[in-house]
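Novice: One letter stands for each residue in the lines below.
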Amino acid sequence: MSKHILIVEDEPNIIESLSFLLDRAGFTVSSEKNGAMAMERIRDLTPDLVILDVMLPNRSGFDVLRDIGELAEAPRVLMLTAKGQARDRQTAEEIGVTRFMTKPFANAEILATVQEMLT
Amino acid sequence: MPHSLTGTRIRQHRSRAGLSQTALARQAGISTSYLNLIEHNKRGIAGKILLSIARELGVPASSLTEEADSELTTSLLEAASTETAPSAETSVLAEFAGRFPGWAQLLASVYRQNRDQEAVIAALSDRLVHDPFLAESLHLMLSNITAIRSTAEILTSVEDIAAEQRTRFNAAIHDESKRLSDATQALIRYFDKEATQGAPNEAPDEVAESDVASMPLERFASTALASDFNPSALASEFRTNLHAVFRRLASLKNEGVDAPEMGLIITNAAGQTLHRHALPDFPLPRHGNACPLWPVFQGFSQPERPLQDLIELPGGTQFVTLTVALPRSEIAFGDSPNYQSAMLFLPSDQSPWSPVPQPARRVGISCRICPRENCAARSEETVL
Numbered sequence: 000m001s002k003h004i005l006i007v008e009d010e011p012n013i014i015e016s017l018s019f020l021l022d023r024a025g026f027t028v029s030s031e032k033n034g035a036m037a038m039e040r041i042r043d044l045t046p047d048l049v050i051l052d053v054m055l056p057n058r059s060g061f062d063v064l065r066d067i068g069e070l071a072e073a074p075r076v077l078m079l080t081a082k083g084q085a086r087d088r089q090t091a092e093e094i095g096v097t098r099f100m101t102k103p104f105a106n107a108e109i110l111a112t113v114q115e116m117l118t
Numbered sequence: 000m001p002h003s004l005t006g007t008r009i010r011q012h013r014s015r016a017g018l019s020q021t022a023l024a025r026q027a028g029i030s031t032s033y034l035n036l037i038e039h040n041k042r043g044i045a046g047k048i049l050l051s052i053a054r055e056l057g058v059p060a061s062s063l064t065e066e067a068d069s070e071l072t073t074s075l076l077e078a079a080s081t082e083t084a085p086s087a088e089t090s091v092l093a094e095f096a097g098r099f100p101g102w103a104q105l106l107a108s109v110y111r112q113n114r115d116q117e118a119v120i121a122a123l124s125d126r127l128v129h130d131p132f133l134a135e136s137l138h139l140m141l142s143n144i145t146a147i148r149s150t151a152e153i154l155t156s157v158e159d160i161a162a163e164q165r166t167r168f169n170a171a172i173h174d175e176s177k178r179l180s181d182a183t184q185a186l187i188r189y190f191d192k193e194a195t196q197g198a199p200n201e202a203p204d205e206v207a208e209s210d211v212a213s214m215p216l217e218r219f220a221s222t223a224l225a226s227d228f229n230p231s232a233l234a235s236e237f238r239t240n241l242h243a244v245f246r247r248l249a250s251l252k253n254e255g256v257d258a259p260e261m262g263l264i265i266t267n268a269a270g271q272t273l274h275r276h277a278l279p280d281f282p283l284p285r286h287g288n289a290c291p292l293w294p295v296f297q298g299f300s301q302p303e304r305p306l307q308d309l310i311e312l313p314g315g316t317q318f319v320t321l322t323v324a325l326p327r328s329e330i331a332f333g334d335s336p337n338y339q340s341a342m343l344f345l346p347s348d349q350s351p352w353s354p355v356p357q358p359a360r361r362v363g364i365s366c367r368i369c370p371r372e373n374c375a376a377r378s379e380e381t382v383l
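These protein sequence lines are chains A and B, in that order. For the first sequence, numbering that gives the first Met the number 0 assigns the number 0 to the initial residue and increments by one for each residue that follows. For the second sequence, numbering that gives the first Met the number 0 assigns the number 0 to the initial residue and increments by one for each residue that follows.
The following block holds chain B by itself, in its conformation from the complex:
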């Protein structure tokens, strides 16, 4: 157990008050040598003497007693008992806390924060281990991989395979690959469910209101249908910019208009998501850790140039995307333009726009849940 901190606190208060030991001892009615022992935590103190000293120092007696810092002491003791601090000098813990209260509070605070975060990580880890859906999905995926690996090994290492058998093996690889894709998609949807279900639109309300004001629903919907949802034509018709048109197009389906549902993401150059409208098969990470291969990020390299792309997610679903990066406000001389990039997207089989004359670019959702191998853009390991 640590010694009481009371003596250390008395010494601190006495020093701050500019009193000598002799003076305080005299005022409190005790000997200087006894006060010296108290101040070095070698004698306990309570009752009348404590009250007397507190009165002479002009502080409440409770601020001198060890109860005042019991939480601090407990936290420091806990910190000292962890495996990472085997050589912490617990015998001078009271002295440390008394002489360096600020550092002691900081250490205790960091320790408590670390302890709480470890508890959260343990809870999440526990969930990963015991979650039945995850366990089933991983079992299924590993079984698919086992079948594909074993069959592929046979096909590449055994030469004298009967034609009928070879056909069955080829069919097995095709079948298992499809199942693996489906399982991967299901897992990705599962991971992103919380982020997409009921996720608030992060755009400020006044922006939505201004869009509604400049592009009234009925007129905008009829013009959009007549123009095959052509954003450039709509921007021209409603004298607004493409980002505003993108936002309005992405909201049409929810407002009851018979239009294809379009997803939308708007980010700044730091990758922060400013506006998001996810689609069931195209979830959008909420905290700026999206796939860097998305056209929305390519938009920053070609500001103000409208880009149309065809992308393919790991599950094989293809999306047509329209992207453009625009300055957030009017460009002024001497100022660097502050660009935001917006990407409007929808499944390629529902696209009202002309087909993109290029092969689909293979992208992911977020590195952490992306199964793509040998990706030059990968920034962190996948949990898959």
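Chain A with its partners taken away, still in its complex shape:
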């Protein structure tokens, strides 16, 4: 059974390209654009990995991450941000993010990271 990845990202074109890549790599891919809906989708889908953007409409990626940390069986999280600042990284690490990646990234880079996190 293929691993399930949920992409929580508000940029539709990034969702489109990431979904294409991950689908070709054999993963099951779902997506959510709204930060406020992210936890509901995570509870429903119970994904193995969440690719989570920091700046989301309605609710920040950090807020979503805090809620993920409180789940009994939390999925792994790959945090994406356009802000490569140390402050963001520190905040994410304090909350307990699994991995952290700064935009813009290469396709091979994110694919390798996802595969590494799910093996």
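Note that these hints are calculated values from the structure, not bench results. All clues stand as given, with none of them false.
Going by beta-carbon spacing under 7 Å, a handful of chain B positions derived as facing chain A:
id, residue
1, H138
2, L141
3, S142
4, I144
5, T145
6, A146
7, R148
8, S149
9, T150
10, E152
11, I153
12, A171
13, E175
Pair ranges (Cβ atoms, derived):
id, chain 1, residue 1, chain 2, residue 2, range
14, B, I160, A, A111, 17 to 23 Å
15, A, D62, B, E372, 33 to 39 Å
16, B, I160, A, N57, 31 to 37 Å
Far from chain B, by Cβ distances over 12 Å, these chain A residues were calculated:
id, residue
17, A35
18, D43
19, T118
Each residue gets a CB set at the ideal place from its N, CA and C atoms; glycine is no exception.
Since the structure of chain A is already known, use the hints to place chain B on it.
Specialist: Quick look at chain B alone, frame taken from chain A:
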């Protein structure tokens, strides 16, 4: 803590006065050996003895005490405590300041200047980090770039993409490129806002007055409209030069005339801006760091030749420009002409002049805020 500088100052004043230690000690009513200890800052001095020595040296007592230079001492101590001066000999700071007061003042002054500038840089840096508009813009631009990069990589590295999917990817690149251009333009406008809003016209008032006198508004406006804003025809009609006509044309809109708004920049050969009238979509840097590809600078290579160009800014907006470099004053034998170059410009879709029969030349605003890559004219890195 440094020793008191009082003894060092007494020694300096005594030397300048041409007095021996023995003579001063006698006049002040103390022993020579005690004065020697004082002068080497090994004994403190105050009260009657200080007043007595000051009187004999002919200087105010306050000029001998360490309070006189407390700011200097503090600054030198601060300078010595910075990471860049780990081996400064603070134990002889008083001696240094006393023996070389000029150098000490210079060092303290340079240190204070550096410290103040660091504070300004820190404040600006802080603003860049915390400014919500900049943060949002950079986030948006990086997201656009991420989408374009990821999609372009797929299109160039994956062969078996369904036609429908390929079309969607192509549309995504087009869409994101447009958004990136818009975000870039917004950012450039933001950076230049302070420079353009309410920016004073740097031309002296008397020049504007002379333009008004030689080209009265009503007659100039009607002639301009009748000639389709032809600068050469206007210069001929009003018996003046093209720079004066450019200045008058650039001021027409502000004077309530129903004319297209025209921007204007006049520079000297050193790149210094002498006159500026920016347009909302064409901001003009104020301190001579404009894009060197602008026709206004090309004008210096072809003095007195009127040039018409079509240029394109990074956001994609195109402008028609009229440029001419003219001597600032009459050319005299034996003197090198002092040229100034003027560029009149307006959006190409509002141009009253005949179309330029050549492709648009891609230029920027200023290297620091220019996103163009591989530009041979770039002189500094972009913050974008």
